[in-house]
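Protein chains in written order, with my numbering: chain H, 317 to 567; chain C, 275 to 359; chain V, 15 to 215.
Hints may be right or wrong, so weigh each one.
Unchecked claim - Okay, the calculated bits of chain V under chain C, using three or more residues with CB under 8 Å as the criterion:
id: 1; segment: 49-56
id: 2; segment: 102-114
id: 3; segment: 189-199
Stated by the list, open to error - So the derived label-pair ranges between C-beta atoms look like this:
id: 4; chain 1: H; residue 1: R470; chain 2: V; residue 2: W207; range: 49 to 55 Å
id: 5; chain 1: C; residue 1: E357; chain 2: V; residue 2: G143; range: 50 to 56 Å
id: 6; chain 1: H; residue 1: E502; chain 2: V; residue 2: G38; range: 35 to 41 Å
id: 7; chain 1: V; residue 1: F45; chain 2: H; residue 2: E517; range: 35 to 41 Å
id: 8; chain 1: C; residue 1: L358; chain 2: V; residue 2: R68; range: 45 to 51 Å
id: 9; chain 1: V; residue 1: D78; chain 2: H; residue 2: E491; range: 34 to 40 Å
id: 10; chain 1: V; residue 1: F45; chain 2: H; residue 2: P354; range: 39 to 45 Å
Claimed, not checked - Part of the chain V face toward chain C, derived, beta carbon under 10 Å:
id: 11; residue: V95
id: 12; residue: T96
id: 13; residue: F125
id: 14; residue: G131
id: 15; residue: W175
id: 16; residue: G183
In short, the hints are calculated from the structure, not lab data.
For each residue, glycine too, the CB sits at the ideal point set by N, CA and C.
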Amino acid sequence: MARAAIQRRLNWLIAEVVSTREETPLVRTIELECPGWPGHLPGQHLDVRLTAEDGYTAQRSYSIANPADGEKLAITVEHVDEGEVSAYLIEELTTGDRIELRGPIGGYFVWEPGTGGPLQLIAGGSGIVPLMAMLRARIEAGSDELVRLLASARSYEHIIYREELSEIAQRDGIEVTHTLTRSQPEGWTGPSRRVDRAMLENLVWPPAREPTCFVCGPTGFVETVASTLVELGHPPGRIRTERFGPTGGPT
Amino acid sequence: MTDDSHVDGNALGALFFDLFGREMTDQRGCCAACGAVNQLGCLKVYRAPGDVARCPSCGTVVMVVVSSSTGVRVSFEALRWLELA
Amino acid sequence: MSFVTRGFRGRRRTDGPADRVPPGQYVTTDFPVLSAGPTPHVPLEEWRLTVTDRDGRQISWTWDEFGALPQETVTVDIHCVTKWSKLDTVWDGVSLDTLLDDFDSTSGYAFVHSHGGYTTNLPLADLTGGKAWVATGYDGAPLAPEHGGPARLLVPHLYFWKSAKWLSGLVLADNDRAGFWESYGYHIYGDPWREQRYSGD
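Assemble the whole structure, with the sequences as input and the hints as a guide.
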């Protein structure tokens with residue numbers, strides 16, 4: 317994206333909910349139509365602002381889940397304990413409702429198809445969301461970067477975008493590995509523990525392949541993964557991180 | 275030190291837009307304490323009453339943002355320079 | 015600014031008895047963690063609490079010495095400037111009256127230092143008279159590092175940023191001087207009942 321094209325004010329826009337979809341019991345995808353949306357890059361986020369009748373407002377950031385598609389936007393929201401915004405978005409918001417948002421925001425945790433590979437994506441829980449935008453963009457563009465995704469979830473039922481990811485995993489040049497940290501279905505053959513050094517050594521592109529690594533998830537997860545990647549010889553400059561904070565959702 | 279409460283400088287992206295009218299998280303800044311040069315998206319941001327952005331290399335407070343009843347105060351506490359590329 | 019989000023009410027802002035919840039606050043059962051920096055881990059054998067008076071005279075306590083001081087258990091309400099209040103929190107600690115007993119009480123102010131570099135300030139009169147403690151326990155257990163352990167200041171009648179976590183020392187002085195948040199525009203005193211969130215409030 318040309319620099320000149322993004323010199324603008326970040327104005328609040330009004331988006332309409334086109335549909336909502338349950339991803340897991342605690343996670344919902346909201347598809348929006350946003351007139352005036354200027355487009356975005358995979359990995360960028362947006363701000364959502366909710367306003368009560370008495371004027372009380374609450375604002376949160378959410379990663380954008382879809383690649384740029386005109387005025388169409390998707391966010392995937394995880395229910396956070398005591399999170400008044402996530403509770404509203406998951407339990408109350410419905411098709412036809414309108415919410416205020418502004419964006420896109422972020423020029424650091426972004427990736428565009430065609431920038432060369434290999435690409436390494438590492439997600440903890442709902443950290444998959446911005447990485448999914450990258451994967452979807454790579455597939456839509458039909459570009460040929462080799463991509464590996466290592467995604468950590470509590471259980472099989474907690475895997476966000478599970479069906480879509482299993483389809484994506486069939487494609488040439490894309491490898492998807494899930495690790496299930498708390499419980500595993502019968503016959504599970506994948507890894508069954510938190511992402512650790514051995515996993516990052518065996519399932520991630522080795523430093524010699526010079527991958528660009530994107531790591532996203534709760535802060536503790538990202539801290540551990542990023543520092544272990546550095547220990548394994550990945551240059552810090554090729555590790556991009558997006559920390560969601562201690563609670564699992566961006567705040 | 276355990277350190278699981280911060281987010282990345284990305285979280286200040288909207289504020290930077292308000293200040294500079296452009297995306298800034300991919301721009302570089304230099305820590306006045308240790309001289310490390312990092313993209314603003316790499317800062318460690320602690321969200322306390324205000325936002326405290328620390329140098330990812332040495333932990334020095336480089337920026338503080340406080341939203342009060344009168345406006346948003348931004349302190350470039352220890353940025354030796356900020357580059358607009 | 016006339017946009018209203020259908021069905022959004024925000025947090026319940028009415029709960030809690032009015033005489034215990036200051037204006038603009040809501041009651042939470044959580045204990046949110048707010049920190050301006052990484053959590054320092056101070057080994058107890060290296061821990062010291064130091065009070066310095068205006069003449070430079072110092073008294074330091076080691077962890078064991080501190081533990082030998084008279085301990086109190088108090089139940090108090092706490093109020094964070096980010097608008098949550100938490101009622102009936104139970105703390106173990108030592109009253110500042112005990113710690114400041116040997117010091118001249120005519121110094122007007124205390125400047126508070128923490129491990130990790132955090133500072134705050136308050137009048138000495140707000141630390142004495144049974145209004146403030148150095149807390150080392152919360153809810154019957156040792157105070158967790160993310161909540162300020164091994165020891166934090168507890169001044170429940172002021173906004174909670176005054177209750178510095180990871181307390182390392184107090185410096186008594188004749189003049190007030192702004193601590194960390196105070197220097198960026200938070201209120202110099204911070205009384206939740208007068209909603210003194212920011213300077214000028």
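Hints, verified against the model:
Requiring three or more residues with a Cβ within less than 8 Å of a Cβ of chain C, the coverage given for the segment 49-56 of chain V holds, as 7 such residues are present. As drawn, the segment 102-114 of chain V meets chain C at 0 residues by the rule of a beta-carbon pair under 8 Å; below three, the given contact is violated. Only residues whose C-beta sits within less than 8 Å of a C-beta in chain C count toward coverage, and the segment 189-199 of chain V has 3 of them, enough to reach three; the restraint holds. A C-beta distance of roughly 43 Å is found between R470 (chain H) and W207 (chain V), which places it outside the suggested range of 49 to 55 Å.
Taking the beta carbon of each, E357 (chain C) and G143 (chain V) are about 53 Å apart, inside 50 to 56 Å as hinted. Take E502 (chain H) and G38 (chain V): their Cβ atoms lie about 53 Å apart, and the range 35 to 41 Å is violated. Taking the beta carbon of each, F45 (chain V) and E517 (chain H) are about 38 Å apart, inside 35 to 41 Å as hinted. The hinted window of 45 to 51 Å between L358 (chain C) and R68 (chain V) holds, with their beta carbons roughly 47 Å apart.
The hint said 34 to 40 Å for the Cβ distance between D78 (chain V) and E491 (chain H), and at roughly 56 Å that hint is violated. The given range of 39 to 45 Å is respected by F45 (chain V) and P354 (chain H), whose C-beta atoms sit roughly 40 Å from each other. Taken as an interface hint, V95 (chain V) checks out: its beta carbon lies about 5 Å from the nearest beta carbon of chain C, inside 10 Å. Checking T96 (chain V) against chain C by beta carbon gives a least distance of about 6 Å; that is within 10 Å, so the hint holds.
The interface hint given for F125 (chain V) is broken, as the beta carbon of that residue sits about 18 Å from the closest beta carbon of chain C, more than 10 Å. At a threshold of 10 Å, the smallest CB-CB gap from G131 (chain V) to chain C is about 8 Å, leaving the interface hint in force. Because the smallest distance between the Cβ of W175 (chain V) and any Cβ of chain C comes to about 6 Å, under 10 Å, the interface hint for this residue holds. Against a cut-off of 10 Å between C-beta atoms, the interface hint on G183 (chain V) is violated, since the closest Cβ of chain C lies about 20 Å away.
Hint compliance for this structure: hints 2, 4, 6, 9, 13, 16 are not met, and every other hint is.
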